[in-house]
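S.K.: Here is what each chain is made of, one letter per residue.
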Amino acid sequence: MSHEYVPEIATSRDGKEHEVQGWQGDFYGGKLGFWLFMLTEVMMFGAMFLVLTYYFSLHHADFLEASSELNRVLGGTNTVILLISALTMGLGLLKMRNGDVKGAKLMIWATILLALIFLGIKAVEWTHEYQHGVFLGLDALQSGNAHSKPLGQILFFGMYFTMTGLHGFHIIIGIGLMLWLLKRINAGKVTTEHHILHFNIALYWDLVHLIWVFVFPYFYMIGAGDIAGGVINAH
Amino acid sequence: MSKTYFDETHCAIGHPKSTFMQWMLTVDHKRIGLMYAAVIFTFFFVAVAVAFTMRLELFSPGQQFLDPDTYNQAFTLHGVIMVFLFIIPGIPAVFGNIVMPLMIGAKDVSFPRLNWFTFWLYIFGALIALSSLWTGNGFADTGWTFYAPYSLNTNTNVITTLVAAFVLGMASILTGLNFLVTIHRLRAPGMDFFKMPLFVWGIYATAWIQLLATPVVGITLILAILEKTFGIGIFDPSKGGDPVLFEHLFWIYSHPAVYLMILPAFGIMSEIIPVFSRREVFGYRTIALSSAAIAGIGYLVWGHHLFTSGMSDLAKVIFSFLTFLVAIPTGIKFYDWVATMYKGKIILSVPMLWALGTMITFVIGGLTGVTIAMVGADIHLQDTYYTVAHFHYAMLGGVVFLFFAGLHYWFPLVTGKMYPEGKAKLAFYLNFIGFNVLWFPMFIAGYLGMPRRYFDYLPEFEIYHRIAFFGAIIFIVGLVYMFYVLIQAWKNGEASGTNPWHATTLEWHLPSSPPPLENHTKVPYVDFRPYEYHHGEPVVKFDYKTMKRID
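Going down the list, the sequences are from chains A and B. Residues 96 to 330 in our numbering are what the first sequence spells out, letter by letter. Residues 2 to 552 in our numbering are what the second sequence spells out, letter by letter.
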């Protein structure tokens, strides 16, 4: 944009000078704006967890049964990977703040790599499920035919694909954002003094992994007690 | 003649030579607000035309010239345009953009480029909504509420409309986000929260609702789209889902949304009343905090839309009680406004006329709302014309009337011209009389059992529909005449000067009218309350070169 920021001074009646906050280069404003945006994400996923909780109470046994079919090893691995990626993201931000731009870039690359591994494992999982006929639009997840699963299980898998899909979409957006961030760092637009973009993308990534921290137990772990704990029988 | 924001602008990408492209790419909050106004009022008239078509059909019982299915699409189109394209963006998008930064002494909103993007996102959403008129099996016929399971089973273009509502919701969220950061960060030095004009308070409370409630309906619409595409049964009772859950999720957003509509309108009222009473507003803090209270309580009342859906009696009583609670902060506002006028020097200019007219229509709309918040009465009145009349009194007679009040109040600020007082008053009376003749009979028809959304009715209701029809004609004539007067005034009106109303808030202390590109010459230091009058004269005076107080 063409206008340069000229700091302005407002003078009160007692002659004191007060600096005027402009919208240009407002680090705190950028931070606040992004926090507010994260709040909308929380409300969005929050509403889906509400739906999920409600249907869990309606179709308790079906949900546990369906949950036990998910691959907890792959899901758990992904959780660990995402947690590590949050660590690398945070370390990158610290390095950026301390002036180690090269180290920061390395950490962002590491985060991207971990995000890609996450997506890869996700893809393996979904392919596996697809081969078992469990996928959005397939017979097993449509009511009223020979392969149909019980209604509660259809709801469970429907929400599973919706929520992990939407979460995966956020991961993809995150990778895009990180690549853009690297480009801005290389162009000298994001620096130690002016790193609001880096800060906000790190914040975004934290939220993405935080959502997964709730998604994982709610889908993968609720059915984990089927053999030893006997939760299904207790119902 | 100094340059105004019509002569120069900042652009989002580069700086094109052509005036047209400068408007398309502008990041100036005033220009963006004006463009919103142009688009929003165009949609308003489209929806009015659709509504008039329905009135024509209802002139007599039986089928005239709309078949029942087309009638269903007509009221859906009317609702979708009025709600998602007109009244939800409405006052925040137009006056929130144009006036709010001026009121707090900012040069622009916090994220001007995001603001530009948001405007085009809104246009994009509007185009998606309209595209479904001509593609597939025609426009949705579900009503603007998209209730499941019908919306899941009908084969009209529901998905397109849902996508449009989602995109428009995103635009609304980003507007709210931008305004929240602007209000937190860009107030002039010295202006703490309790020195902000009350319109800014209205926008602030609204922005929180936009931010927190809209994502819920957004994801609900996404779930409905997935349900329609993959049939996993989320809201479909025949597949194990629960349609009432859809209603809950829908109203968790859409009830706060009505406060999202009315709060900035109340803000306009709070600006106009002190200025035209030449008196400091009574109970500034209570008005400001009641906006926040309405926004807060407004979250907890959505269940009153579901009294007939088989909710538990306990839940009904709680939701009913919480709904009554909303009347308290609203009542506080009304008493404050009346108390402001008491012993004031009341000037019956056009904006004041609109504000006073709204006091009558909104009180009718508000109090009838309290009657249907009662569970017992609501069982009888749910989905009748009584409800229709109630929300039109509250929305049209409240929000839109105050929107028009603001249109007349800030017209000289935005255009630098003044409209002819007599003609504008005539337009007000046409609107006010037409409006009441149009909607008041519906209270009676609804009380006697006329259901809403029916294209046909029993012969005994004919008289009410006929009276309403004539009201509609007066009202539409008034609307067209009002806009004609304003547009003529913009073209040929006399110059208004910077502060024709002797108002006190910062948007009237600009160096020129219309304002220059970057607003105030210098940002003033704000050590005064927003509406200080002494013996009917504004207290605070500025030297417009240095923006220092000289009183």
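The set of hints was computed from the structure by calculation and includes no laboratory data. Computed from a prediction, not measured in an experiment: that's the story for all the values here. There's no promise every hint is true.
[To be verified] Cross-link-like lysine to any residue pairs, in silico, SDA-like; alpha carbons within 25 Å at most:
1) LYS229/B - ASP109/A
2) LYS549/B - ASP109/A
3) LYS492/B - PHE151/A
4) LYS229/B - GLY232/A
[Unchecked claim] A few chain A residues that face chain B, going by a derived Cβ cut-off under 10 Å, partial list only:
5) ARG108
6) GLN119
7) GLY124
8) LEU131
9) PHE140
10) ALA142
11) VAL146
12) GLU160
13) GLU164
14) TRP204
15) LEU214
16) GLY247
17) LEU298
18) ASP301
19) LEU302
[Stated by the list, open to error] Computed from the model, here is a short list of chain A residues facing chain B with C-beta under 10 Å:
20) GLU103
21) LEU145
22) THR172
23) THR174
24) GLN237
For each residue, glycine too, the CB sits at the ideal point set by N, CA and C.
S.K.: Could you grab the alpha-carbon distance between LYS492/B and PHE151/A and see if it respects the 25 Å cut-off?
M.R.: 63 Å, violated
S.K.: Is the interface hint satisfied for VAL146/A? The criterion is a beta-carbon contact with chain B at less than 10 Å.
M.R.: Holds: closest Cβ of chain B sits about 7 Å from VAL146/A, inside 10 Å.
S.K.: Is the hinted pair LYS549/B and ASP109/A satisfied, with a Cα-Cα distance of at most 25 Å?
M.R.: Answer holds: LYS549/B to ASP109/A is near 11 Å, not above 25 Å.
S.K.: When the nearest CB of chain B is found for GLY124/A, is that gap smaller than 10 Å?
M.R.: Constraint on GLY124/A satisfied, holds at 4 Å.
S.K.: With chain B as the partner, please determine if THR172/A meets the hint condition of a C-beta pair closer than 10 Å.
M.R.: Violated - the Cβ of THR172/A stays beyond 10 Å from chain B, reaching only about 27 Å at its closest.
S.K.: Using Cβ atoms only, decide whether GLY247/A comes closer than 10 Å to chain B, and label the hint accordingly.
M.R.: Holds. Min distance 6 Å.
S.K.: Would you check whether GLN237/A satisfies its interface hint, that is, whether its CB is within less than 10 Å of any CB in chain B?
M.R.: 6 Å, holds
S.K.: With chain B as the partner, please determine if ARG108/A meets the hint condition of a C-beta pair closer than 10 Å.
M.R.: 6 Å, holds
S.K.: Per the CB criterion, is LEU214/A less than 10 Å away from chain B?
M.R.: 21 Å, violated
S.K.: For the restraint on PHE140/A, tell me whether the closest CB of chain B is nearer than 10 Å.
M.R.: 8 Å, holds
S.K.: Please check whether THR174/A passes as an interface residue: C-beta within 10 Å of a C-beta belonging to chain B.
M.R.: This interface hint is violated because 23 Å lies over the 10 Å limit.
S.K.: Restraint: ALA142/A near chain B, CB-CB cut 10 Å. Satisfied or not?
M.R.: Hint on ALA142/A: holds, closest Cβ of chain B at ~5 Å, below 10 Å.
Hint violations for this structure: numbers 1, 3, 12, 13, 14, 15, 17, 18, 19, 22, 23, all remaining hints satisfied.
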